[in-house]
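Next come the chains, spelled out residue by residue.
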Amino acid sequence: MAQVFKPSANHLARLSLLAFVIIPGGLVGAGIAVSRSPWNTNVNVPLNQPVPFSHEHHVNELGIDCRYCHKTVENSPYAGMPSTHTCMSCHSQVWTNSPLLKPVRESYKTGVPLVWNRVTSLPDFVYFDHSIHVRKGIGCDVCHGQVNHMNITFKAKTFFMAWCLKCHRDPAKFIRPKNQVFNMEYRYPPDQSTLGKELMISYHVHKNGLTDCSVCHR
Amino acid sequence: MNIDNIRITFRKSLAGLLSLPLLVMLAGCHTDMWVQKKVDHPFARSTFFPDQSSARMPVSHTVAIGQVPYNDPYDTGMIPNATGVSVTETGVSRGRFVNAFPFKVTKQDLLRGQSQFNIYCSPCHGVLGDGNGMVAIRGFVHQKPANFHTERLIKSPVGRFFDVITNGYGIMYSYASSIPNPRDRWDIAAYIRVLQFSQQAPLSVVPKSRMKELTSSGSDASNPVVSGEPYTTSGGAQ
Numbered sequence: 001m002a003q004v005f006k007p008s009a010n011h012l013a014r015l016s017l018l019a020f021v022i023i024p025g026g027l028v029g030a031g032i033a034v035s036r037s038p039w040n041t042n043v044n045v046p047l048n049q050p051v052p053f054s055h056e057h058h059v060n061e062l063g064i065d066c067r068y069c070h071k072t073v074e075n076s077p078y079a080g081m082p083s084t085h086t087c088m089s090c091h092s093q094v095w096t097n098s099p100l101l102k103p104v105r106e107s108y109k110t111g112v113p114l115v116w117n118r119v120t121s122l123p124d125f126v127y128f129d130h131s132i133h134v135r136k137g138i139g140c141d142v143c144h145g146q147v148n149h150m151n152i153t154f155k156a157k158t159f160f161m162a163w164c165l166k167c168h169r170d171p172a173k174f175i176r177p178k179n180q181v182f183n184m185e186y187r188y189p190p191d192q193s194t195l196g197k198e199l200m201i202s203y204h205v206h207k208n209g210l211t212d213c214s215v216c217h218r
Numbered sequence: 219m220n221i222d223n224i225r226i227t228f229r230k231s232l233a234g235l236l237s238l239p240l241l242v243m244l245a246g247c248h249t250d251m252w253v254q255k256k257v258d259h260p261f262a263r264s265t266f267f268p269d270q271s272s273a274r275m276p277v278s279h280t281v282a283i284g285q286v287p288y289n290d291p292y293d294t295g296m297i298p299n300a301t302g303v304s305v306t307e308t309g310v311s312r313g314r315f316v317n318a319f320p321f322k323v324t325k326q327d328l329l330r331g332q333s334q335f336n337i338y339c340s341p342c343h344g345v346l347g348d349g350n351g352m353v354a355i356r357g358f359v360h361q362k363p364a365n366f367h368t369e370r371l372i373k374s375p376v377g378r379f380f381d382v383i384t385n386g387y388g389i390m391y392s393y394a395s396s397i398p399n400p401r402d403r404w405d406i407a408a409y410i411r412v413l414q415f416s417q418q419a420p421l422s423v424v425p426k427s428r429m430k431e432l433t434s435s436g437s438d439a440s441n442p443v444v445s446g447e448p449y450t451t452s453g454g455a456q
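Here the protein sequences line up with chains A and B, keeping their order. At position 90 of the first sequence (counting the first as 1) the number is 90 in our numbering, and the numbers step up by one without a gap. Remember, our numbering sits 218 above the position in the second sequence when you count from 1.
Errors might be hidden in some of the hints.
[Claimed, not checked] Keeping only pairs whose Cα atoms sit at most 25 Å apart, straight-line, the calculated PhoX-like set for lysine-lysine is:
id : chain 1 : residue 1 : chain 2 : residue 2
1  : A       : K136      : B       : K325
2  : A       : K166      : A       : K207
3  : B       : K362      : A       : K102
4  : A       : K157      : A       : K136
5  : B       : K325      : A       : K178
6  : A       : K178      : A       : K166
[Unchecked claim] Listed next, the stretches of chain B that the computed footprint assigns to chain A, with coverage defined by at least 3 CB atoms under 8 Å from CB atoms of chain A:
id : stretch
7  : 260-274
8  : 333-340
9  : 348-357
[Said to hold, decoys possible] Computed beta-carbon distance windows for the label pairs:
id : chain 1 : residue 1 : chain 2 : residue 2 : range
10 : B       : I297      : A       : E74       : 28 to 36 Å
11 : B       : L371      : A       : N44       : 46 to 54 Å
12 : B       : L371      : A       : H85       : 21 to 29 Å
13 : A       : D65       : B       : I297      : 31 to 39 Å
14 : A       : M161      : B       : P268      : 31 to 39 Å
15 : B       : R274      : A       : P24       : 50 to 58 Å
By construction, these hints were calculated from the structure, which means they are not laboratory data. Ideal placement from N, C-alpha and C gives every residue a C-beta, glycine not left out.
Hey, can you work out the whole structure from these sequences and the hints?
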């Protein structure tokens with residue numbers, strides 16, 4: 001029987017050992033890259049909506065407060081979505097013939113709410129509450145990005161668990177005065193590290209236990 | 219060792235290797251607790267109800283436990299008619315507007331009223347209450363939002379403001395669902411009174427320490443002049 005392996009096969013064997021490390025490593029790397037890519041997380045991907053609603057237009061140009069539409073954000077776990085009634089409080093007078101607003105008028109007539117595609121959505125096993133974040137001085141833009149400049153709304157952050165935890169481990173970096181929560185252009189001052197610590201005390205934020213699993217998985 | 223055997227082993231391990239990405243992809247599928255059989259948001263879409271809304275309206279002709287009777291002036295801004303509803307030449311009337319706040323108005327109330335007014339009313343009525351809000355300028359061509367500094371509205375009983383917020387007025391929609399708490403509606407009414415006062419106030423009530431801001435030319439943008447009132451900084455002595 002002829003020799004199957006030539007001496008050079010030794011190199012191949014060694015190289016293939018290397019391949020056993022590189023290929024799975026690469027695959028895992030690729031898996032992570034895919035799971036973190038916009039393809040999976042939808043970060044920075046504008047979604048199709050029944051009406052091309054623009055925050056840039058309504059918030060930045062017209063100066064409408066978030067709470068005109070997201071009414072319950074201060075008092076409830078849910079920020080809430082505007083009812084058709086809310087759109088119509090203006091659009092019964094403004095752009096009454098716009099074809100873009102036809103679904104809004106239909107919805108008002110039939111009483112069937114508009115179906116918006118969710119931009120931010122946590123898995124059902126995660127508990128989240130807007131009111132506590134708003135009341136403890138966490139601005140909307142920390143989590144949602146500069147919504148006031150979005151023509152079509154997109155997700156600005158991954159909303160991975162690690163992302164939540166980054167703040168829950170040390171909220172002092174992100175806390176701002178409560179009256180600045182709705183200020184989408186807020187810039188943190190250079191002395192944020194001392195200001196943050198002071199605000200933590202005056203708002204009674206206790207970071208001990210804020211990373212316990214039961215805070216978010218209950 | 220047979221070369222064919224080696225080939226087969228090689229093919230097998232290659233198949234194994236190639237299926238690894240499949241495993242990685244499988245890890246991305248969530249058939250577990252990510253989507254649970256529950257209404258996860260009060261405004262989630264429902265396939266059960268014909269209007270596709272999972273939040274339900276209260277059943278008509280029912281009163282929730284703890285819901286106060288609807289004819290308390292605190293909840294309506296009105297002293298009810300003896301007969302309940304009466305029809306006058308100006309329209310349907312449910313009573314007389316109350317002309318006093320049903321509680322003692324504190325600074326806290328005014329600040330709350332200011333923030334609520336700026337959220338829900340200023341887009342149309344403007345931050346000064348003169349009817350020149352941003353949205354009013356861009357739209358509302360047929361009927362402008364009201365200017366609160368007209369004689370009629372200055373003399374109006376406070377109950378009217380409460381009632382307009384609750385039930386709307388003319389082409390203005392009701393803000394009852396946006397401002398569910400009657401206290402907030404009263405606070406807004408109180409703040410409208412502040413705005414009305416501020417636009418009519420004589421210079422003598424301005425505190426000495428703030429006088430400079432009014433008389434220096436730099437503050438013109440935030441000046442009452444904008445609202446078209448007869449008071450100007452130079453003629454403010456009247």
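inquiry  = Going through the numbered hints above, which ones does this structure break? Give me the numbers in ascending order.
reply    = none
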